[in-house]
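There are 2 protein chains.
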Amino acid sequence: MATETQRSTGRRRNPATRATILATAFAVVAELGYAGLTIEKVAARAGVGKQTIYRWWPNKGALVLDAVLERTAGAGSDGAPAELPDTGDLEADLSAVLVATVEEFADPDFDRALRGLTAAVIEDAELALAYRERLDGPMRELKKRRLRRAQEAGQLDPDVDLDLAVDLVFAPIAQRWTERSGDLTPDGARTVVRHALRGLAAP
Amino acid sequence: MATETQRSTGRRRNPATRATILATAFAVVAELGYAGLTIEKVAARAGVGKQTIYRWWPNKGALVLDAVLERTAGAGSDGAPAELPDTGDLEADLSAVLVATVEEFADPDFDRALRGLTAAVIEDAELALAYRERLDGPMRELKKRRLRRAQEAGQLDPDVDLDLAVDLVFAPIAQRWTERSGDLTPDGARTVVRHALRGLAAP
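Taken in sequence, the protein lines are chains A and B. Residue numbers for the first sequence follow UniProt numbering, so the first one is 1 and each next one is one higher. Residue numbers for the second sequence follow UniProt numbering, so the first one is 1 and each next one is one higher.
Think of the hints as simulated: they come from the structure by calculation, not from any bench. Among these hints, one or two may not hold up.
Said to hold, decoys possible - Every beta carbon over 12 Å from chain B, so not counted as near; a handful from chain A, in silico:
| no. | residue |
| --- | --- |
| 1 | Ala-35 |
| 2 | Gly-47 |
| 3 | Thr-52 |
| 4 | Thr-87 |
| 5 | Glu-103 |
| 6 | Asp-109 |
| 7 | Phe-110 |
| 8 | Arg-115 |
| 9 | Ala-125 |
| 10 | Gly-137 |
| 11 | Ala-153 |
| 12 | Gln-155 |
| 13 | Leu-168 |
| 14 | Thr-178 |
| 15 | Ser-181 |
| 16 | Ala-201 |
Unchecked claim - Here are the simulated SDA-like pairs of lysine to any residue, each with C-alpha atoms no more than 20 Å apart in a straight line:
| no. | chain 1 | residue 1 | chain 2 | residue 2 |
| --- | --- | --- | --- | --- |
| 17 | B | Lys-143 | A | Gly-182 |
| 18 | A | Lys-41 | B | Asp-183 |
| 19 | B | Lys-50 | B | Ala-100 |
| 20 | A | Lys-143 | B | Lys-143 |
| 21 | A | Lys-144 | A | Arg-132 |
| 22 | B | Lys-41 | A | Gly-47 |
| 23 | A | Lys-143 | B | Lys-50 |
| 24 | B | Lys-143 | B | Glu-126 |
| 25 | A | Lys-144 | B | Lys-50 |
Using N, Cα and C, we set each Cβ at its ideal position, and we do this for glycine too.
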């Protein structure tokens with residue numbers, strides 16, 4: 001069976017080749033956008049055969065998701081995302097996270113690669129599921145964990161749904177980036193956090 | 001000059017042909033997504049020549065933007081968007097608007113067409129500008145006008161930036177739709193409005 005072959009080959013995949021392919025895919029989507037990326041182009045630039053890529057990634061959506069994941073996981077050597085800061089000052093901690101996000105968006109390569117992935121996720125429900133399970137979901141869990149501690153410390157409304165709390169804090173800046181509907185500045189990020197937390201505070 | 005020819009032909013364009021092309025473009029992007037839409041397909045299905053479409057819309061982004069705009073402007077016969085409700089109860093008024101948005105997203109054709117346009121806007125800065133000027137901008141002005149009246153009535157923090165206020169109220173649901181990161185329900189929409197307004201209230 002083809003699937004069996006893929007699986008057994010998958011187990012033997014070479015980490016250096018994998019890293020080269022992902023870095024190349026990231027560069028290609030940053031340069032040409034999602035519509036402009038083809039498996040052929042990535043293969044040619046990475047110096048591997050198309051079949052090597054198809055053996056590990058079923059389509060370009062899966063490849064671009066892994067490429068962005070590899071870049072954002074970045075810091076931790078095990079690929080696991082770091083815990084959110086917890087100094088006890090919720091507003092300062094969330095502001096630090098959101099300001100870091102604004103700074104990431106200011107990197108043109110990261111901006112374009114993430115735009116490519118986001119555009120694909122919007123139209124492709126299957127890719128959206130993978131995106132949620134592997135990128136957005138784990139980040140969301142970290143955010144909820146930080147908010148849950150604040151809730152337990154009486155800093156947040158005990159009845160508020162934590163998914164809604166995450167959206168209220170993080171969606172305004174994300175949406176402004178998606179639609180280019182306004183400036184993205186560290187001060188703007190801090191103001192969003194201040195008002196969102198006021199809206200989520202214990203009544 | 002080609003541009004002059006386009007302009008003078010543009011002045012004489014037939015409203016019925018225009019409506020047919022836009023309705024067809026809406027149906028095609030709803031069925032095939034933005035990547036699957038080509039000017040050729042729209043022309044064939046609408047029973048017009050490709051050149052008729054290119055004479056009025058320079059590219060498929062402009063065509064899809066107009067197709068969505070035509071559908072959303074819908075209600076008003078002059079194409080101008082209606083004023084937001086103003087019963088004096090800000091929370092009820094904004095909830096009504098956001099619940100209507102959630103209901104619009106539940107229409108599969110509208111959902112897919114708007115996903116196509118949004119995906120294109122994310123990657124295409126020029127289309128994003130047209131989107132902002134013609135679709136998001138006018139809607140945003142209506143929202144700000146409603147919020148400004150509430151601010152003048154002492155219902156909102158006098159120092160809050162109204163663009164930020166719009167984002168705090170409307171981005172959480174929009175982002176949840178974009179990334180399919182959670183359920184979209186009328187109750188969820190109302191809860192977002194309640195917390196967002198608490199965050200924007202006069203301190």
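### Query
Can we trust that Gly-137(A) is non-interface, i.e. its beta-carbon lies farther than 12 Å from all of chain B?
For Gly-137(A), whose nearest Cβ neighbour in chain B is about 8 Å away, the distance does not exceed 12 Å, so it is violated.
### Query
Is Lys-143(A) within 20 Å of Lys-143(B), Cα to Cα?
29 Å, violated
### Restraint status (C-alpha distance of Lys-50(B) to Ala-100(B) at most 20 Å)
36 Å, violated
#### Entry: Minimum Cβ distance from Ala-35(A) to chain B greater than 12 Å, as the annotation requires
6 Å, violated
### Non-interface claim for Glu-103(A), where every Cβ of chain B lies beyond 12 Å
19 Å, holds
### Thr-52(A) and chain B, when compared Cβ to Cβ, separated by more than 12 Å
Since the minimum Cβ distance to chain B is about 25 Å, Thr-52(A) lies beyond 12 Å and the statement holds.
### Pair hint outcome, Lys-143(A) versus Lys-50(B) [Cα-Cα no greater than 20 Å]
With a Cα-Cα distance of about 50 Å, the restraint between Lys-143(A) and Lys-50(B) is violated, given a limit of 20 Å.
### Query
Would you say Asp-109(A) is clear of chain B, with no C-beta pair closer than or equal to 12 Å?
14 Å, holds
### Query
Can we confirm that no CB of chain B comes within 12 Å of the CB of Gly-47(A)?
Correct as stated: the minimum Cβ-Cβ distance to chain B is 27 Å, above 12 Å.
#### Entry: Closest CB of chain B to the CB of Ala-125(A) still more than 12 Å away
7 Å, violated
#### Entry: Given as non-interface: Ser-181(A), partner chain B, CB spacing beyond 12 Å
6 Å, violated
### Task
Could you let me know if the closest chain B CB is still more than 12 Å away from the CB of Leu-168(A)?
5 Å, violated
Violated hints, in rising order: 1, 8, 9, 10, 13, 14, 15, 16, 18, 19, 20, 22, 23, 24 and 25; the structure is consistent with all others.
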